[in-house]
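All chains, please: the whole structure from these sequences, using the hints.
Protein chains in written order, with my numbering: chain B, 3 to 303; chain L, 2 to 589.
Hints were generated in silico from the structure; no laboratory data involved. Mixed in with the good hints, there may be bad ones.
One side of the interface only, derived from the structure: several residues of chain B facing chain L at Cβ under 7 Å [to be verified]:
id	residue
1	P122
2	R124
3	G267
4	S272
Restricting the straight-line Cα-Cα distance to at most 30 Å, the calculated cross-link-like pairs of lysine-lysine (DSSO-like) are [unchecked claim]:
id	chain 1	residue 1	chain 2	residue 2
5	L	K385	L	K342
6	L	K540	L	K497
7	L	K497	L	K82
8	L	K278	L	K385
9	L	K541	B	K180
10	L	K516	L	K536
11	L	K146	L	K126
12	L	K497	L	K406
13	B	K180	L	K126
14	L	K242	L	K342
15	L	K385	B	K254
16	B	K274	L	K126
17	L	K269	L	K146
18	B	K254	L	K580
19	L	K82	L	K60
20	L	K60	L	K580
21	B	K274	L	K242
22	L	K126	B	K254
23	L	K497	L	K541
24	L	K352	L	K342
Note that CB positions come from ideal geometry on N, CA and C, so glycine has one too.
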Amino acid sequence: MQLVLGGGGGVKTSSMSTVSGEGNTAMSSEDSSSPDEAELELGLGLSLGGFKAQQTAVKTKYARILTAKDLPSGVSTSSSCTSSSSSTLSRANATAGTKRSADSVSAPNGASSQVVGWPPIRAYRMNSMVNQAKSVATEEYNSVIGKNKNNTAVLDKTNNGSNMNSNNFKVRTSFFVKVNMDGIAIGRKVDLNASGCYEALAQTLEDMFLRPIPTINAMRSSAPEHNLMVDATRCPKLLDGSSEFVLTYEDKEGDWMLVGDVPWGMFLSSVKRLRIMRRSEATGLAPRLQERNGRQRSKLI
Amino acid sequence: MVSLCSFISYYWEEEKRMNYFPDEVLEHVFDFVTSSRDRNALSQVCKSWYRIESSSRQKVFIGNCYAISPERVIERFPALKSIALKGKPHFADFNLVPHEWGGFVYPWIEAFARNRVGLEELRLKRMVVSDDSLELLSRSFANFKSLVLVSCEGFTTDGLAAIAANCRCLRELDLQENEVEDHRGHWLSCFHDSHTSLVSLNFACLKGDINLGVLERLVARSPNLRSLRLNRAVPFDTLQKILMQSPNLVDLGVGSYVHDPDSETYDKLVTAIEKCKSVRSLSGFLDVAPHCLPAFHSICPNLTSLNLSYAPGIQGGELTKLIRHCRKLQRLWILDCIGDKGLEVVASTCKDLQELRVFPSDPYIGHAAVTEEGLVAISSGCPKLHSILYFCQQMTNAALITVAKNCPNFIRFRLCILDPTKPDAVTQQPLDEGFGAIVHSCRGLRRLSLTGLLTDQVFLYIGMYAEQLEMLSIAFAGDSDKGMQYVLNGCKRLRKLEIRDSPFGNGALLMDVGKYEAMRSLWMSSCEVTLGGCKTLAKKMPRLNVEIMNENEQTDFIFDDAQKVDKMYLYRTLAGQRKDAPDFVWTL
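See the structure below:
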């Protein structure tokens, strides 16, 4: 998953067209409402303005966590007004004679773009395609009496593989849920379909919440990119019990559950939102949590 | 329908001479009229026909569950036995409608139960169905026979357990593409040992394990079973046992189809399949070892419907080999890995083909494996084709013009180019002329979805020629308000219009506000309409619900009329503003 910072210019707000409706740039909700100025544009997740803003996307591929400093005073990141005005902009540009489709097909590697709700495939079918793509890639045919194929350990290998293999743009439906972390007033949103497995989700959330925020200047040098790559190889802490925080979710019945117990597909079908909870507050969750705490403590001893 | 109209006009003349025609006779005649549309027509002839028709109608279709209250339906149709309800707007299928928008079935079931409706059949699409609803349903209607859920959510296998346990007369349980939370397998055991009336069972969309012994016993005691669709937890050898028990199946959905073709079980399966001479519809293959497919070659010649769209494991040679055996196919759903060449095989084999759907096979790669060539091949080989859904990499005007000439009988034409603003792949022109040819040639076209680079011109054509058009889906198309205006002006039969990411604004929205009462609904997202425009519309048309969706709950948004509205869904209704709308939905 990449965070994208789009530069200014004529297609300045076009990445917002992909933001529309799902509110996936939940950067800071303290935004003002004026939609005018946009030196910088925010795009969270894989949204890069889809077919309209490939050029912009290409220039600014690399990720960093955007802070309040980056927010121009006028941009309302999650307001629908910018998102629809941006689609106007992009539509206007489309008819202004630029051959957009040619641009989008020749999108360079790694620049993945995502338009909400495109292609128009029923979510059920989309989810099953995603799951089947993973299981077809990893299993040889077996004569074992068919069991449920939701094997997350298998899934995460192929998930990372397919994410990196896509050369032209990936399009899929997204499934955004809110994420709040104890002690942080402003929440975020994460696309569970972009993660595809627990490990990826935890990594994404760690990148969002637990990474120390670099300064703008620091990001411009190559060193932080190196850091990012180093960080990516560390095991996600939110899942293995070594962090001060635990990852929990609210299910459809309103109960708060520990993330990671059920197969990924089942999790997707019942999760409503996520919360990164302080371990100290998480007592009273499933007993397994305390068991983990116990194990951790005894390991340290 | 033609004879019905002549009957009506004859009667109209007669009525002027005779003052009455016994109700019982009329009712008897009306019994032969089954479609909702025809019955609606009957009820508009005169007051007594309205009265008789309403009191005798058993099967009701409600296209928008918020258009009318359940009480009112019950009041008008006291003989109600079978009802179909649709909830969320179509674009909810693509995650464009926020979660928890609505579409709850519980109030309907509760009203039916309270009013002692003799409900026997319930068919729901895009609705939220809670376990409580299923529980209430299962306990409230002694003669309940058929439950069909399409693209619904909100329930678990516990709700299914209630249905299985309590609906003793249940004949049909058909679950299509629902998001079901699976609590693992025990629901099937809830069918009583004395339950022998099952005719149709489809649980292909369930993700969890099934108690295989229970399934086998259920099938064994269901002599009337004609339709069975299994999920991927049902393995090869269970399939073989089931088929031995049910040689009279008409519709089969294979679950997991993975086995060693050199085994005894495989041979037994071949024998079992050969006995299934009635199978006309085949689907599933959710896990598949393609070299085991030849076992099905013996029933392929009888198939009229084949759905391999969930079987990415069937590709290339194995796929075309299978298709070559299916000469009587009328309906085919496949994945684009069949390729243009594979479609040529379909075109040369399946001369009776009426409906084709080609879905993309890989969500991660932006390349579909079929192009305009496959579509042209199909159109020239299959003259009876009337419905198509085609996801492809590219399209050309020339191809569409050829398709229009070859197949003037389209009633549903849905084209989805994966890059939605892509122009003609050869000329780089907009695809206006191609789609124009389609609407010009296919005078009976009722449903159309467009993609590609499209200007206002295509909408001019649609307005001019698409006289029978009822549903139109637009994405990333058009240049100005004129586009939408052409459509609203021209398409007299339009019922559902859904638009996303297109530059249509208040000028188009407000051009003919009365039109929306003649339509079921209008969806516009990421367009140019503003809050002020929506407010004006809502004020002028009190019998429309104009819903604005703002997922981000920014309250300052509400006060600025010049703000563009991200999502608007409006629909005609007799029920007034709905009371179950969540916070982010604002009805103006």
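Which numbered hints fail: Of the numbered hints given earlier, those the structure breaks are 9, 14, 15, 17 and 21, listed in rising order.
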